[in-house]
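Based on the sequences and whatever the hints tell you, model everything.
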Amino acid sequence: MKQKRYAIVAVMAIGLSLAACGDDDPIVPEPMFDSPSTVRVVNRLLGPVIFFYARPCGTSDWGADLFGTDHPVEGTIQPGGQRDFTVEAGCYDFRAVHLETTEPGPALEKLLFNQAATPVTPVIWTLEDDPANPT
1 MKQKRYAIVA
11 VMAIGLSLAA
21 CGDDDPIVPE
31 PMFDSPSTVR
41 VVNRLLGPVI
51 FFYARPCGTS
61 DWGADLFGTD
71 HPVEGTIQPG
81 GQRDFTVEAG
91 CYDFRAVHLE
101 TTEPGPALEK
111 LLFNQAATPV
121 TPVIWTLEDD
131 PANPT
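Per the working numbering: the sequence shown = residues 1 to 135.
There could be a bad hint or two in this list.
Here are the in silico distance ranges between beta carbons for each label pair [what the hints assert, rightly or not]:
no.	residue 1	residue 2	range
1	Asp-65	Gln-115	15 to 21 Å
2	Thr-38	Gly-63	17 to 23 Å
3	Gly-105	Pro-56	28 to 34 Å
4	Thr-102	Ser-35	36 to 42 Å
5	Pro-36	Gly-105	34 to 40 Å
6	Pro-56	Thr-102	30 to 36 Å
7	Ala-107	Pro-36	15 to 21 Å
8	Cys-57	Thr-101	28 to 34 Å
9	Glu-103	Asp-130	17 to 23 Å
10	Val-97	Asp-34	40 to 46 Å
11	Asp-130	Ala-64	26 to 32 Å
12	Ala-107	Ser-35	21 to 27 Å
13	Ser-35	Thr-101	35 to 41 Å
14	Thr-121	Asp-65	23 to 29 Å
By construction, these hints were calculated from the structure, which means they are not laboratory data. All of these numbers come straight from a predicted model, not from anything done at the bench. Here a beta-carbon is modelled for each residue, glycine too, at the ideal position from N, C-alpha and C.
Shown next as structure tokens:
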């Protein structure tokens, strides 16, 4: 009798797990990291940060925008705001693309090279306007 109960429970568990695999509302999992680290971008610029990229030190490909969205508000860091990004611990170069002001205008970029991101020590990058060199 116990074996029959176990069989029924197993069939129900399989049925529930298959029902959860429907295509109606796909769930995109968050990336998993063995040694996660945080990169905090603080925007002290006059315009919003509209793209943010990271690449391993010594490489040339920036890869995908870390905002991971095309929503105009979620995909920015407004002046005075900040946002945390999770990356695998390691050495990184960072690239922030921002607008000159809150009005539509030219896109500028700032670069930060050779930053060690560890699980214990996050990278904190404060972007500020430099009147002598705005990029």
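Checked hints:
Between Asp-65 and Gln-115 the beta carbon distance is about 18 Å. The supplied range of 15 to 21 Å therefore holds. Distance hint check for Thr-38 and Gly-63: the Cβ-Cβ separation is about 18 Å, which falls inside the suggested range of 17 to 23 Å. Judged by the Cβ atoms, the range 28 to 34 Å given for Gly-105 and Pro-56 holds: they are separated by roughly 32 Å. At about 37 Å, the beta-carbon gap between Thr-102 and Ser-35 stays in the expected band of 36 to 42 Å.
Look at Pro-36 against Gly-105: about 35 Å separates their beta carbons, and that is inside 34 to 40 Å. Look at Pro-56 against Thr-102: about 33 Å separates their beta carbons, and that is inside 30 to 36 Å. Roughly 30 Å separates the CB atoms of Ala-107 and Pro-36, a value that falls outside the hinted 15 to 21 Å. For the pair Cys-57 and Thr-101, the beta carbons lie near 32 Å from each other, so the given range of 28 to 34 Å is met.
Under the hint 17 to 23 Å, the C-beta atoms of Glu-103 and Asp-130, about 20 Å apart, fit the expected range. The hinted range of 40 to 46 Å is not satisfied by Val-97 and Asp-34, whose Cβ atoms lie roughly 29 Å apart. Look at Asp-130 against Ala-64: about 28 Å separates their beta carbons, and that is inside 26 to 32 Å. A hinted range of 21 to 27 Å is violated for the C-beta pair Ala-107 and Ser-35, which are about 33 Å apart.
Between Ser-35 and Thr-101 the beta carbon distance is about 38 Å. The supplied range of 35 to 41 Å therefore holds. At about 25 Å, the beta-carbon gap between Thr-121 and Asp-65 stays in the expected band of 23 to 29 Å.
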